[in-house]
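Listed here are the chains, written in short residue letters.
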Amino acid sequence: MIVILLLIPLSIAMAAIFLGGFIWAVRSGQYEDTCTPAMRPLMEEPDAKPDEVPDARQKLQRK
Amino acid sequence: MATLIAIRPGRNGLAETADDPVCPAATGCFHCGAPLRGGVIHSQERAFCCQGCRTVFEILAEHGMTDFYRFGTAAGVRVSNAVKKEEFKYLDDPAVRRQLVDFADDRITRVSFRIPSIHCIACVWLLENLFRLKPGVGHAHVNFPRKEVCITFENSRVTLGELVAFLASLGYEPELKLADLGNQARPRVSRRLWLQLGVAGFAFGNIMLFSISGYLGLDGFSGPALKMLFGWLSFALAVPVIIYSAADYWQAAWRGLRQRMLTIEVPIALGIAALAARSACEVFAGRGTGYFDSLSGLVFFLLCGKLFQQKTWHRLAFDLDYRSFFPLSITRKQNGAEERVSLSQLQVGDRIIIRNGELIPSDARLAAGPAMIDYSFVTGESVPVEKQPGDHLYAGGRQIGGTIEIETLKAVSQSYLTSLWNQQAFRKPRREILDTMINQYSRRFTKAVIAVAVGSALFWWFHDPSRALVSFTSVLIVACPCALALAAPFTLGTAQRVLARRKVFVRNTSVIETLARVDTVVLDKTGTLTAAGAGSVEFDGAPLTADEATWIFSLTRHSTHPCAVRIGEAVAVRAGSVAGEVRSFSEQPGAGMQGVVAGHEVWMGSAAWLASRNVAVDRSAAGVGSVVHLALDGRYRGSYTLPGALRPQTAELVSRLAADCELALLSGDNERERDQFRKLFGPFANLSFNQTPLGKLEFIRDLQKPGKTVMMVGDGLNDAGALQQSDAGVAVVESIGAFSPASDVIMAANMVPRLAEILRFSKTSVRVVRLSIMLSGLYNLVGVSIAARGQLSPVVCAILMPLSSVSVVVFACALTNWFGRRAGLDDTAAGHLNAEAQP
Chain S
1 MIVILLLIPL
11 SIAMAAIFLG
21 GFIWAVRSGQ
31 YEDTCTPAMR
41 PLMEEPDAKP
51 DEVPDARQKL
61 QRK
Chain E
64 MATLIAIRPG
74 RNGLAETADD
84 PVCPAATGCF
94 HCGAPLRGGV
104 IHSQERAFCC
114 QGCRTVFEIL
124 AEHGMTDFYR
134 FGTAAGVRVS
144 NAVKKEEFKY
154 LDDPAVRRQL
164 VDFADDRITR
174 VSFRIPSIHC
184 IACVWLLENL
194 FRLKPGVGHA
204 HVNFPRKEVC
214 ITFENSRVTL
224 GELVAFLASL
234 GYEPELKLAD
244 LGNQARPRVS
254 RRLWLQLGVA
264 GFAFGNIMLF
274 SISGYLGLDG
284 FSGPALKMLF
294 GWLSFALAVP
304 VIIYSAADYW
314 QAAWRGLRQR
324 MLTIEVPIAL
334 GIAALAARSA
344 CEVFAGRGTG
354 YFDSLSGLVF
364 FLLCGKLFQQ
374 KTWHRLAFDL
384 DYRSFFPLSI
394 TRKQNGAEER
404 VSLSQLQVGD
414 RIIIRNGELI
424 PSDARLAAGP
434 AMIDYSFVTG
444 ESVPVEKQPG
454 DHLYAGGRQI
464 GGTIEIETLK
474 AVSQSYLTSL
484 WNQQAFRKPR
494 REILDTMINQ
504 YSRRFTKAVI
514 AVAVGSALFW
524 WFHDPSRALV
534 SFTSVLIVAC
544 PCALALAAPF
554 TLGTAQRVLA
564 RRKVFVRNTS
574 VIETLARVDT
584 VVLDKTGTLT
594 AAGAGSVEFD
604 GAPLTADEAT
614 WIFSLTRHST
624 HPCAVRIGEA
634 VAVRAGSVAG
644 EVRSFSEQPG
654 AGMQGVVAGH
664 EVWMGSAAWL
674 ASRNVAVDRS
684 AAGVGSVVHL
694 ALDGRYRGSY
704 TLPGALRPQT
714 AELVSRLAAD
724 CELALLSGDN
734 ERERDQFRKL
744 FGPFANLSFN
754 QTPLGKLEFI
764 RDLQKPGKTV
774 MMVGDGLNDA
784 GALQQSDAGV
794 AVVESIGAFS
804 PASDVIMAAN
814 MVPRLAEILR
824 FSKTSVRVVR
834 LSIMLSGLYN
844 LVGVSIAARG
854 QLSPVVCAIL
864 MPLSSVSVVV
874 FACALTNWFG
884 RRAGLDDTAA
894 GHLNAEAQP
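Chains as they are written, first to last, in our numbering: chain S, 1 to 63; chain E, 64 to 902.
Just so you know, these hints were derived from the structure itself, not from any lab.
The C-beta atom is built at its ideal place from N, Cα and C for all residues, glycine as well.
There may be inaccurate statements among the hints.
To be verified - What follows is a set of in silico ranges between Cβ atoms, one per label pair, in the way DEER data are often shown: (1) E/R852 to S/A38: 42 to 48 angstroms; (2) E/G465 to S/Q30: 46 to 52 angstroms; (3) S/A25 to E/A431: 45 to 51 angstroms.
Unchecked claim - Computed footprint of chain E on chain S, listed as stretches where at least three residues anywhere in the stretch have a Cβ under 8 angstroms from a Cβ of chain E: (4) 3 to 17; (5) 26 to 34.
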């Protein structure tokens with residue numbers, strides 16, 4: 001029965017990781033637009049990447 | 064603002080998917096697919112319909128982005144007018160700029176635009192790869208359902224005005240309305256709800272794991288130490304649920320109590336509190352694991368219901384006012400030079416230039432040019448009126464025809480039309496109805512529960528005092544109206560979705576309850592019972608060839624008769640807006656007009672007039688409204704039925720509505736058609752014509768005085784007051800996503816004939832809620848009878864709570880869907896209507 005002391009933290013840790021992933025997904029706005037991301041894989045990867053213009057998203061969230 | 068973009072028709076629907084049909088005509092423009100006619104421009108062995116399309120192609124080709132055309136043949140948006148850079152300079156004015164951008168610092172700016180012409184995957188790709196076309200542009204992110212793009216750019220290399228001008232030159236001109244100024248708060252409600260739901264679900268699942276040994280009676284097997292550990296772990300997991308996930312229920316219950324109202328949240332909060340307190344006591348005392356599984360499950364289910372209820376639709380806004388209708392900028396003429404300025408900078412006495420299709424932003428005097436002003440959206444008047452220099456013009460009218468100059472007399476917010484928004488009805492925000500059906504039940508329910516709880520506590524106090532507290536909390540726990548609280552959200556939420564499938568969008572679920580109570584229906588005429596705008600001009604007869612359309616277009620250009628103007632607008636697209644020379648033109652007032660175009664005699668006019676010239680007129684097509692007959696070279700060709708014509712099935716609609724409710728007609732138009740509507744509505748209906756926007760508001764208020772529940776159905780800004788004042792305001796739109804004044808329901812115009820079914824369906828839905836409430840009451844009765852005896856074990860609780868909730872939800876959803884199908888509001892049953900709506 002002592003094995004349960006190992007299994008409980010493991011199971012909770014795993015669930016907590018999933019919860020963390022969920023919170024990250026919600027926070028990054030993935031639940032607000034469920035349509036456009038589905039279209040992106042159909043597009044070719046562009047050769048170029050945007051210039052080093054920092055994304056203002058982080059700052060916005062605090063605003 | 065002039066519509067620089069010609070969006071192809073058929074794209075206005077609620078495009079949720081990427082497979083928007085694009086029909087590439089083999090002979091069409093390589094960029095936009097428009098049919099090629101005369102003046103074809105070639106570039107790199109490809110044909111284009113206009114200079115604008117060629118330019119976009121060349122920009123793309125230059126940057127190696129012709130992949131664009133692989134996502135959809137002829138996926139481009141036609142750029143009909145050349146975009147001048149100066150046109151958007153006003154956006155770089157610091158005051159305007161500050162109010163438009165989301166974020167800005169010294170180096171970068173982030174801004175979101177709504178771009179109506181986003182229609183396919185190629186658009187998304189192009190906009191997200193904007194950085195390859197325009198140096199200085201960084202990350203761009205498209206939200207397709209909302210048709211929004213969020214762009215980051217470097218201040219040192221691009222200005223806001225340049226960015227917008229560049230987008231416009233590609234065919235993606237952002238929609239900039241007066242309302243975009245100083246209105247940056249975008250609701251982010253659902254994020255919090257999702258997080259609360261996630262936390263509750265996480266706790267629910269894990270606590271269940273710890274509780275299973277208890278359910279199966281394995282406690283003895285695993286030993287008391289483990290049981291205590293499970294109890295403490297459950298407690299730890301339940302704390303965030305109680306504090307964070309259930310936070311809204313605590314607040315709502317507190318608010319309800321402070322207003323002395325026993326809202327549904329009060330018994331819910333009581334139940335959660337009883338569960339938490341009793342479970343905590345058991346855990347602290349080391350007696351058991353408590354009811355934390357039921358607690359988190361309860362919160363989880365409740366939040367699911369809340370999420371289901373809070374369905375929102377992209378691109379629909381229920382609280383727009385005139386500022387969303389007015390453009391952000393106007394062309395001002397100063398010292399002989401034209402400049403684009405923000406509307407907020409407009410001052411009384413300014414000279415401004417209004418082009419074809421543009422809006423008059425404030426009350427003004429016509430300074431130059433004869434004007435044809437279409438007030439249909441503002442006053443409900445269906446026919447454009449001609450104005451001469453010196454005449455007074457009201458804000459909101461749309462100029463049709465040539466360019467005019469006007470001199471403003473009042474500030475935008477002080478104009479005749481916009482002053483409607485200063486009315487009392489607009490002061491208070493649209494009320495959140497507290498007195499919903501569920502709260503009425505809750506009032507009786509809560510009192511009964513507390514009575515039973517206190518009663519059983521008193522009973523045990525005298526018989527076995529140790530069980531008094533147990534039975535008291537047990538009753539509160541088991542009576543927690545989870546199923547009751549879920550009945551309304553799921554029934555009305557399902558009803559909301561059933562209606563939305565037929566393009567009837569309700570603001571929130573309590574609107575359906577109001578719709579079910581409606582006993583008086585007030586209908587607007589123009590745009591509601593009659594189709595508004597040039598789009599509804601219908602031609603009866605063999606389809607016209609492009610040449611014939613050109614002849615008709617040329618002829619109508621010579622007349623200012625409203626019918627001619629409208630027919631001209633209708634055929635303009637077909638004719639490619641190219642007018643030929645008209646010779647020997649003559650017009651007989653009240654009869655018709657004639658002329659020779661390209662050697663062909665074109666006669667247009669009344670049936671009698673054509674008959675008098677020996678044309679065999681087919682009068683069978685004569686519907687309701689005005690009909691203009693057409694003869695080419697002396698032969699009858701067909702007839703135009705003009706706007707003002709009633710929508711199909713209006714007579715049926717009126718008779719069906721009249722069976723259940725009192726009817727009234729409210730029109731800003733003149734009395735021309737009074738007799739026709741008297742016949743339609745019967746001798747007793749209240750018909751009012753020549754109503755001002757303010758008059759309409761007062762008309763509704765008078766109806767409400769004797770306690771009637773009034774539904775107003777209207778479409779224009781002139782109905783805004785009445786829509787706001789009425790109990791249920793229904794805004795009719797020709798295309799979903801088009802501007803509609805603040806309302807409770809937004810409805811596609813083709814659904815107007817089915818209003819009676821919609822009302823009946825709302826009534827049925829409310830009946831389903833009642834049935835579901837009765838079902839959940841049954842569960843509560845069983846639960847309470849167990850609990851009052853003080854025998855509620857965690858297992859019983861853990862079974863009863865989800866069982867009652869799930870069965871009530873399934874019952875409610877299934878029954879509502881079934882009724883929806885029976886009412887013909889589902890896709891399958893109403894398929895034929897769909898076909899009608901999309902010719």
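Hints and how they fare:
1. A hinted range of 42 to 48 angstroms is violated for the C-beta pair E/R852 and S/A38, which are about 55 angstroms apart.
2. The hinted window of 46 to 52 angstroms between E/G465 and S/Q30 holds, with their beta carbons roughly 50 angstroms apart.
3. For S/A25 and E/A431, the Cβ-Cβ distance of about 58 angstroms falls outside the hinted range of 45 to 51 angstroms, so the restraint is violated.
4. Three residues within the 8 angstroms Cβ limit are the bar, and the region 3 to 17 of chain S against chain E gives 6, so the coverage statement holds.
5. A count of 6 residues in the region 26 to 34 of chain S with a Cβ less than 8 angstroms from any Cβ of chain E is obtained; the coverage claim is therefore met, three being the minimum.
The structure fails to meet hints 1 and 3 from the earlier list, while all remaining hints are met.
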